Amino acid sequence: MNSTLLINIARFIILILAQVAFFDKINFLGYINPYPYILFIILYPVNANKNGLLLASFLLGLTMDMFNNSGGVHAASCVTLAYLRPSFFRFAFGLSYEYQTVKINERLTPERFSFILISILTHHIVFFLLEIFRFSFFWNILFRTVLSTIFTLLLCILIIYMFKPAKN
Amino acid sequence: MLFLLLLLISVFLTIQSHSFHKSQVITSANFVSGGVYKRINAANEYLNLKTENEGLAKENARLKSLLFNKKDSLIDDSKNLPAELSTYKVIQSKIINNSYGVHENFLTINSGSKEGVKPDMGVLNSKGIIGIVEHTSKNYATVISVLNIKSQINAKIKKTNHFGTLTWNGKNTGYVQLIDVPRLATVKKGDTIVTGAQSIIFPENINIGTIHKIYTDNKTNYFTIDVKLFNDMTSLGHIYIVENKHRKEILALEAKNKDE
Chain A
170 MNSTLLINIA RFIILILAQV AFFDKINFLG YINPYPYILF IILYPVNANK
220 NGLLLASFLL GLTMDMFNNS GGVHAASCVT LAYLRPSFFR FAFGLSYEYQ
270 TVKINERLTP ERFSFILISI LTHHIVFFLL EIFRFSFFWN ILFRTVLSTI
320 FTLLLCILII YMFKPAKN
Chain B
7 MLFLLLLLIS VFLTIQSHSF HKSQVITSAN FVSGGVYKRI NAANEYLNLK
57 TENEGLAKEN ARLKSLLFNK KDSLIDDSKN LPAELSTYKV IQSKIINNSY
107 GVHENFLTIN SGSKEGVKPD MGVLNSKGII GIVEHTSKNY ATVISVLNIK
157 SQINAKIKKT NHFGTLTWNG KNTGYVQLID VPRLATVKKG DTIVTGAQSI
207 IFPENINIGT IHKIYTDNKT NYFTIDVKLF NDMTSLGHIY IVENKHRKEI
257 LALEAKNKDE
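Line by line, the protein sequences give chains A and B.
Using the working numbering, the letters of the first sequence map in sequence onto residues 170 to 337.
Using the working numbering, the letters of the second sequence map in sequence onto residues 7 to 266.
Okay, chain A solo, but in the shape it has when bound:
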């Protein structure tokens, strides 16, 4: 239990640093950035305390907002993703997911893929909706969101299978 806590704290810090130092600077085609920092929420232990996840996700989003001067956009989308995560587990792995030991970072099955995809989509859609509230560049933001989703999805899968923890 203690080691999972440490792993998650380390993941939190490393993902934010990687996001801020590297992924925010990609600016593919001038302005498209991936957001693989939400891997923290995707990889959070399945059976862990739900309020803990909500608070951690809020903190994660708020830190991103601090670095990006973006108000509360990241925080809102992270909290929404954290809240809906159990439903996505049920959707992707079936009703009894809680009794099985669902592990995201293992061989890529259709279930795992659909879970990651729907999580990223949710995060980006909330992000997208809030940006629309702020401005009125509808098509521009929609275009960014679609490309960013694809970009994030590819990177998340890549990261998961690059840093797959050694099994003991």
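It is worth saying that the hints were derived from the structure and are not from the lab.
Be careful, since some hints might not be right.
Here are some, though not all, of the chain B residues that point toward chain A, as calculated from beta-carbon distances under 8 Å [as the list claims (entries may be wrong)]:
no.	residue
1	L8
2	T20
3	Q22
All values reported here derive from a predicted model rather than from experimental measurement.
Idealized CB from N, CA, C, for every residue including glycine.
Model the placement of chain B on the given structure of chain A, informed by the hints.
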């Protein structure tokens, strides 16, 4: 419920940041993000040393030529960086984080209230204007970039002295828009746009860019002009922060007018 509470807080913060000016609660001008950005920048700086040196050498050469040809500087004082040294205080600083990929772009610089940086000071470099200081902490400050759809700066056409407002439409990082230019003005592609005298933030005649394209608005009888920036906003390094020492006096005087 915890979820609703957290969601409400974040939506509140989003709306807060939307309402104009001085409203942001969470900014990158603080000890944590400022420190992280400073370290990232220190690493990145080595990669840009060459272009940075070239820029500084060029500016050095220009300043030297001003120094050696004092007569010229009298005739064309618009090229001189601080036009009236007595009115403006200049602080040298460095950009440690630059964003240009979203609609509301902010920069982070590594001087803060300790060096005398205050909100509403102008930020520029040798090529032209960059933005206006928004928030400060002890050692850092955030700057609203000209590439921010909230940014509004008074500017004019150098030749004809017609004023307009400099804004950004959120589309291209190389171009900003000069709006509300009267149709009477004779504008030509290639004309230089500089900061206007109505600005109490920037000195007059600081370079901004050249006219790239001219649109006429049929409804309002105003021109909208695409301005090609002299600065490459995607690659910025050393900057100057200018403070109009008379700003408070001017603001107080104008406030008096409104009261009457």
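List, from low to high, the hint numbers that the structure doesn't satisfy. When the structure is compared with the hints, none of them turns out to be violated.
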